[in-house]
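Asker: So the chains spell out like this:
4 protein chains.
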Amino acid sequence: MKRPDKTTTLTTEFDIYVDLPSTMKGSHLSRNLEVVSEIVEEGVREPVESLEALSSDIARRLLERHEYANYSEVRTVADYFLERKTPLGKRTTERYRLIANAEAERGNPLIVCKSIGVEVVGMTACPCAMETIKHELDSQGKLRGTDVPTITHNQRNCTRVLLEVPEGFDVEADDLIDLAEGSLSAPTYEILKRGDEAKLVEQAHAHPRFVEDVVREILARLLKRYDNLPDEARVHVTSESEESIHKHNALAERVTTFGELRK
Amino acid sequence: MKRPDKTTTLTTEFDIYVDLPSTMKGSHLSRNLEVVSEIVEEGVREPVESLEALSSDIARRLLERHEYANYSEVRTVADYFLERKTPLGKRTTERYRLIANAEAERGNPLIVCKSIGVEVVGMTACPCAMETIKHELDSQGKLRGTDVPTITHNQRNCTRVLLEVPEGFDVEADDLIDLAEGSLSAPTYEILKRGDEAKLVEQAHAHPRFVEDVVREILARLLKRYDNLPDEARVHVTSESEESIHKHNALAERVTTFGELRK
Amino acid sequence: MKRPDKTTTLTTEFDIYVDLPSTMKGSHLSRNLEVVSEIVEEGVREPVESLEALSSDIARRLLERHEYANYSEVRTVADYFLERKTPLGKRTTERYRLIANAEAERGNPLIVCKSIGVEVVGMTACPCAMETIKHELDSQGKLRGTDVPTITHNQRNCTRVLLEVPEGFDVEADDLIDLAEGSLSAPTYEILKRGDEAKLVEQAHAHPRFVEDVVREILARLLKRYDNLPDEARVHVTSESEESIHKHNALAERVTTFGELRK
Amino acid sequence: MKRPDKTTTLTTEFDIYVDLPSTMKGSHLSRNLEVVSEIVEEGVREPVESLEALSSDIARRLLERHEYANYSEVRTVADYFLERKTPLGKRTTERYRLIANAEAERGNPLIVCKSIGVEVVGMTACPCAMETIKHELDSQGKLRGTDVPTITHNQRNCTRVLLEVPEGFDVEADDLIDLAEGSLSAPTYEILKRGDEAKLVEQAHAHPRFVEDVVREILARLLKRYDNLPDEARVHVTSESEESIHKHNALAERVTTFGELRK
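Protein chains in written order, with my numbering: chain A, 196 to 458; chain B, 196 to 458; chain C, 196 to 458; chain D, 196 to 458.
For reference, chain A alone in the conformation it holds in the complex:
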């Protein structure tokens, strides 16, 4: 994938669909793989512009190849790595996931609808337990006017943003990752020395968030950051926390449009 200032090699998974008219017994499935194969080979010679351009291209060629189909869909997911700095400035390489979906519908002209998404693993700290405990400590006279941060449960969180990007608009994956990661209580890092670990824990406790808060925060930031996107543009946000105090996860999700968000 080509990004403004770099070319990266991504290992990518594809899910591919075409519709089948009632007059056909089965699909020519090998054509799906031929299309992917062609594009991969072309990509070896010249880098593709983006994962979403790749998906759109596959969706378009699927309809050329399956002359009996009126609809095609391509979903791609790829691991993606960015260099980050820890709170104290140490360099570390962090893993993200890129998502790019494309749907093509036969017509004149052929319509291609594409979405770009990211998956970010970070941290949430629970505001509810924090408040309950703070109130309890206060009523027991233990706080004595200090403002030391109050304990709470915190956990690994996986958040996913998927944004429809109409023709003529442009959304950078790195931007979307920054936006999602910044909406959590704190990011996570692969390498953390003691001082960094302490700073990160403090950062998470300074920004306690429910999964519901994370989803709301992301939607608010999307609206501000991509204010030129049309009302019809769909957005899908999910945030899932591996609750450290439960055996089950907590999940918040919203599927909406920019028009709805603007109300």
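The set of hints was computed from the structure by calculation and includes no laboratory data. Check each hint, because a few of them may be wrong.
Chain copies aren't distinguished; within one or between two, either way the pair holds.
[To be verified] With a Cα cut of at most 27 Å, we get these calculated DSSO-like pairs of lysine-lysine:
(1) Lys329 - Lys280
(2) Lys458 - Lys419
(3) Lys442 - Lys458
(4) Lys458 - Lys285
For this one, chain A is given, so just place chains B, C and D on it according to the hints.
Answerer: Chains B, C and D in isolation, oriented as in the chain A frame:
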């Protein structure tokens, strides 16, 4: 499975192995399933004593049925549910996993070696970040003599204990679950109202534990609780935390014998 | 779950959702678990009628408990076992999955919409390779008038049917399993002696099916078997084969209504 | 990874272990990630020679960095792609997995033990059902002297070979993949047109194999191909078939040494 005071229905998964002498082309695989099927049917009429008795029985019958084999192995895993009380006394049903392995070796007499194990999901709070932060707050003069608990990262933890139980000895699964769950920073519960949530978070912060601590604690408790087990009895403990500050997990593991532990 | 002539114990997984109005910061998540817990306890005293009745009941009580929510959704999946007979009449216990979803929408009266589904693992044999090979053998004069079955690739297949069941209608899970299993090239069995294995392979080759065929066959049978279901009743069928000649799977899917099917 | 005639970018997963003396409370886990990070950064500047060299290097540096540890272990797995030709000569890109493990033990000199492995997805056709059916057709007088291939069940198979490679010996991953893939009933391909599909199905039926056969075939080929490996070299082979006639898989496994194989 029959427990002292109750009969429970468990959905159980089996992995089944027999060795194959060089003179045979392939195994009669259907015999494996016949043995399981027989035992399941007998179990419908009369409850089996325990998951490990079931595994041993299957391992023994596998050698009867596969007359060409000298070794058989059975690994079973089952979901298991116990009623628990939250810190403030509310009843909740919690999920655990039971493990029972059996190996049979042909001989006169036939030797069967069985292990019983449990898997427990709980919580760990990190002692290292807690100490660093406490020291920092103290050196900044923020503690002012209070003893409010210090923040740290905490996370869901999955801990597994597998214990070889020689013929004539008896280990109750419920005991083993208590022992493992009590070695974590805190248990987890499916239902927690606010007050319970606060108490649980405090409990976890009062017992900060690395995964290495959890493994050591379990081994120490096993040695004390089952002090009649012979030196040869093997034990295998793993503890894995879904580190909330990292994208990777931390895992500690020890495979040893009671003899080694006694040194 | 209570079935006409038997009571079964099922280990069940729940996914539970409620919507959240913009005026609320977060959901009272513990209430979800309380509702499940209540119903599970009641079920210990008296068996529940069906998995879909259980789901509907949870969806309804979620709206009672979360007075701020207007929508709730419950998805349940449970392992399920049926006694079957192999082609030569041997008894075997086979594993299936039951699915029951319920959505409740606040209103006067409150609307509950429920779906029942099953997942069946069976076998598909490819009609395309069979035909190509038969034609080839024929053109080489190798068939010599015999009608021995022609080789093809065959594989494990997982098929899922989900059917909306409006108030006042009744669909038995066992019926739905029979219908789905009968639409594959052949069922699969846990225990098969040689003679049974041969018969099953012959059965699969006598009914070669693409995943597209499986979906179509199921839809045709549903329409006939449940001809009293209203036009609005939704149905969702997916069939996925672990293609033995490829590293990827083949999947066919259709989401439609009985009204559409009747056209 | 550098191969004779090409440089490839691999996305690699690492599992990393060090032992912990009884005098230490916990491990300095961040050091593990620092080692990986260093090596990854060096690899950006200059390609690493092989995945096993990378693993050995990490294992060695782990002992340098964890001065209290006496043992370290590194397990790496990476997706790997090779260009293949289908039976009729069409080019296709196929996915494999590379495995490289390394164990280092402190001493003078430090001992590093490394293993290289591959995972191959292919196809097995069952010899047992084929024989039963052939015998049956023959006794019914249906064969009439034809030699058309007999039907049987066939399925996707995943086979894994792990080979200890002592210092001074060299094993190419591509060779190992060829050896394992060639021991199955047939390879699998992502793209197959009709003619290719037919040829592949015929190839699989011409080489019916149990999972036990696959393991034996691989061991025999390893012994011949790497006849210079010393008696102590360990080898671990597993072959697992997703049996199309069952809901469970069939697995064969052998852990042995070249010395044992030579007997």
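Asker: Look at each hint and say if it fits the structure.
Answerer: Structure-based check of each hint:
1. In this homomeric assembly, Lys329 and Lys280 come within 27 Å of each other (Cα to Cα) only across copies, at 24 Å, whereas the closest approach inside a single copy is 32 Å.
2. Within a single copy, Lys458 and Lys419 get their C-alpha atoms as close as 14 Å, which meets the 27 Å cut-off; across copies the closest is 47 Å, which misses it.
3. Taking identical chains as interchangeable, the C-alpha atoms of Lys442 and Lys458 are never at most 27 Å apart, the minima being 37 Å within one chain and 37 Å between chains.
4. Taking the shortest alpha-carbon separations for Lys458 and Lys285, neither the intra-copy value of 42 Å nor the inter-copy value of 43 Å comes in at or below 27 Å.
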